[in-house]
Amino acid sequence: MNTVKYKALALGMATSVATLLGSAANAVEIEYWQYYFDARVTAMEQLIENFETANPDITVKMSHFPYADYRTKVAAAIPAGEGPDVVQLFYGWLNDYVEAELIQPLPADAFPAETIDAEFFPMVQAMKSGDQYWALPTAVRSLALFYNERLLEEAGVEPPNTIEEMMAAAAAMTKRDGAGNITQVGMTAGMTAQDHHWWREGLIRQMGGEPYTNDYTSVNYNSEAGLKALEMYVGMATGDDAITAFGFMDEPQAAFKAGRAGMHIDGSFRIGSLNKQRGLEWGVTELPATTDGTRSNYSSYWVNAITTKAEGEKYDAAAKFMAYVTSDEAMQVWLDVVGELPAKPSVGLTEANANDETYGPFIRGLAYANTTKFADESAQRQLMVEMVERITLEGMSPADSLAKAAEAEQKILDEYYTK
Amino acid sequence: MNVYRNLTIKQKQIVWAWSFLAIPVLFYTVIRFYPTGNAILISFQDWNLLGKRTWTGLDNYEKLFADPAFWKVFKNTFVYLLIGTPLSLIVSFFIAYNLDKTRFMHGFLRMLYFLPFMTSAVAMAWVWRWFYQPVPIGLFNNFLSTFGIPQINFLNSTTNALPSILAPAIWAGLGFQIIIFMAGLRAIPQSYYEAARIDGVSTWTVLWEITIPLLKPTIVFIVVFSSIGFLRIFDHVFNMTTGNPGGPLNSTKPLVLMIYETAFSSFDMGYAAAQTVILFLVLLVVSLLQLRILRDR
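Chains as they are written, first to last, in my numbering: chain A, 1 to 419; chain B, 1001 to 1297.
Hints are computed from structural coordinates only; laboratory data are not their basis. Hints are not guaranteed to be accurate.
Said to hold, decoys possible - Here are the simulated BS3-like pairs of lysine-lysine, each with C-alpha atoms no more than 30 Å apart in a straight line: (1) B:K1072 - A:K314; (2) A:K73 - B:K1216; (3) A:K73 - B:K1075.
To be verified - Simulated DEER-style distance windows between Cβ atoms: (4) A:V41 - B:K1012: 52 to 62 Å; (5) B:R1186 - A:E415: 56 to 66 Å; (6) B:P1217 - A:A39: 55 to 65 Å; (7) B:G1148 - A:E164: 55 to 65 Å; (8) B:F1221 - A:S218: 25 to 35 Å; (9) B:Y1028 - A:E415: 34 to 44 Å.
In this text, a Cβ means the ideal position worked out from N, Cα and C, and glycines have one as well.
Please model the complete structure; the sequences and the hints are all you need to start from.
Written out as structure tokens, the structure reads:
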């Protein structure tokens, strides 16, 4: 080999190395964290791919963890300068993260508060402090009434529109064995599932009450409306004409999936797993209204936020990524893949989405939904579970049990807000 | 190197001993003592895992002693201990004593008894959870309803739930205790039994005067071992009551489950650490008491 060839080779190698280094210097890598849920990961992979095609100089690395470890990992990683630049959080955790200085506000120029106020569903405003947004959701969730089409048909009833119709339909679908034990429930029930949301934000408001006052810092359901809602709820599972049983087939959703329950209240996130259930023919309708047409629903959401770890060009890249995952396009992807509802009316309330047989009832529910601000969701849910148990297992009167629950919940709220 | 060469043999032995000991010492310091000390520290602080830790003095302990849920849970923990330990001791001794005399398919039977001990507690808890369900799915209740006997609320009851959870927990630990008892029984010299037989002593007397006294070290070991197990019971309860952790109105919640919930669902680390310190003290006292009994031997 002669020297010329060597030189050419060396030059070639040098240029290619330079190109590699050059592109490495331009590319910003940001990290995205979310908890593991199959459909959410698939949807995010799709979004990242789209985002990287549009922004070739940014790469996004996604990590996901089991839900149980999520908070611990995030909390340990960010102060150590590791971990995510953009992170997914439950809306109820935002305060804790802001106070711990784990997340920073979204840039006001790219996320002007007025535009967000105008474009997103109003419940998102809980993520705002002053005129800055701390976080934004891609998708929101609400509740609706699932029904088993075969059981409805067998009983000769229609999907209910009001609470009375729901009770009648449930009664028609309830089956008992010779000894009077319920073998098929007309309607599932259990505060351990989504029913505590239905009771808080649905039933109490429908009975004319308001579950909390002072921006969710004061418990207000120890009232006539609260008692009416509780008596109605517990009444479904007690007496000889019970249309449901607490703990029937272990979990409400299991009973519905197995085709042993006529109706079931659950969130939009259940759609995916119901679709996978072979032989189950189901439909969904809005949560039942009162006779005078009052409706109320509960909505919750997961948000994305930029962590305090992201600085300089990473912050800019993270803001770009945030802008993309809260765009109309991303919301449609999230709806199609995960089944969660778009956070903007402009996407959610399109003709096609709002009239969709499956998503429609949930999306229409968003219009009259409220979002509970929890201090400690699982502890507050547990109080609702115990409120019902005191009545059904210990024979306490609904009024006393309600008062006890209200007192205990107020204690949790006081402790949280006075810290 | 010179320093080492100038040491006496005795000193060299010490150097070697410590270099071997260094690994477990380091291990214990980093894995055991540091977290233990840290937990005690956190119990005097307020920390939600995210923000800064702030000193709160004895607040967590005051809250704990004023919390009716804590006393309920404290009582449950001792119910698990006081029913679980004697019951499992008697049952496992009964089985071991009779199994020891059985020649027919001895190995196979012993394997059958040991099998539950090797099974994952999580899988076992979920199977039992299914057994306990009401009709139409629960095994026990379906069986009852076939004979027209009224349903029993196993898990959805404030009185039946704890024994229902304790039963599979005892059953799961039985295999191990049986093996230990059988080893203990085999270790008793045959000559004592032969002497007793020559004297024409009854089987009952042999059991009371020879077998049980000579089994005392085995019994003490099993009591200590299973007491600690029942005081720390978690996986059976957690898996049989997920969704409504700790059963209806906390009727089955043991201390460990309360600690877990406070720490990893309410994220109140200080309060959880205070509960951990109490559990530590309980375990310490129980173990010391049992060590005393051991020394009496």
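Quick rundown of the hints versus the structure:
A threshold of 30 Å between alpha carbons decides the hint, and for K1072 of chain B with K314 of chain A the separation of about 51 Å lies outside it, so the pair is violated. Distance restraint check for K73 of chain A and K1216 of chain B: the Cα-Cα separation of roughly 48 Å exceeds the 30 Å cut-off, and the hinted pair is therefore not satisfied. The straight-line distance between the Cα atoms of K73 of chain A and K1075 of chain B is roughly 34 Å, outside the 30 Å bound, and the hint therefore fails. With their beta carbons about 59 Å apart, V41 of chain A and K1012 of chain B fall inside the hinted range of 52 to 62 Å.
At roughly 58 Å, the beta-carbon separation of R1186 of chain B and E415 of chain A lies within the given 56 to 66 Å, and the hint holds. A hinted range of 55 to 65 Å holds for the C-beta pair P1217 of chain B and A39 of chain A, which are about 58 Å apart. Range check, G1148 of chain B to E164 of chain A: Cβ separation about 36 Å, and the 55 to 65 Å hint is violated. At roughly 56 Å, the beta carbons of F1221 of chain B and S218 of chain A sit outside the given window of 25 to 35 Å.
Hint check: Y1028 of chain B to E415 of chain A, Cβ distance near 37 Å, so the stated range 34 to 44 Å holds.
In the structure shown, a violation is registered for the earlier hints numbered 1, 2, 3, 7, 8, in ascending order.
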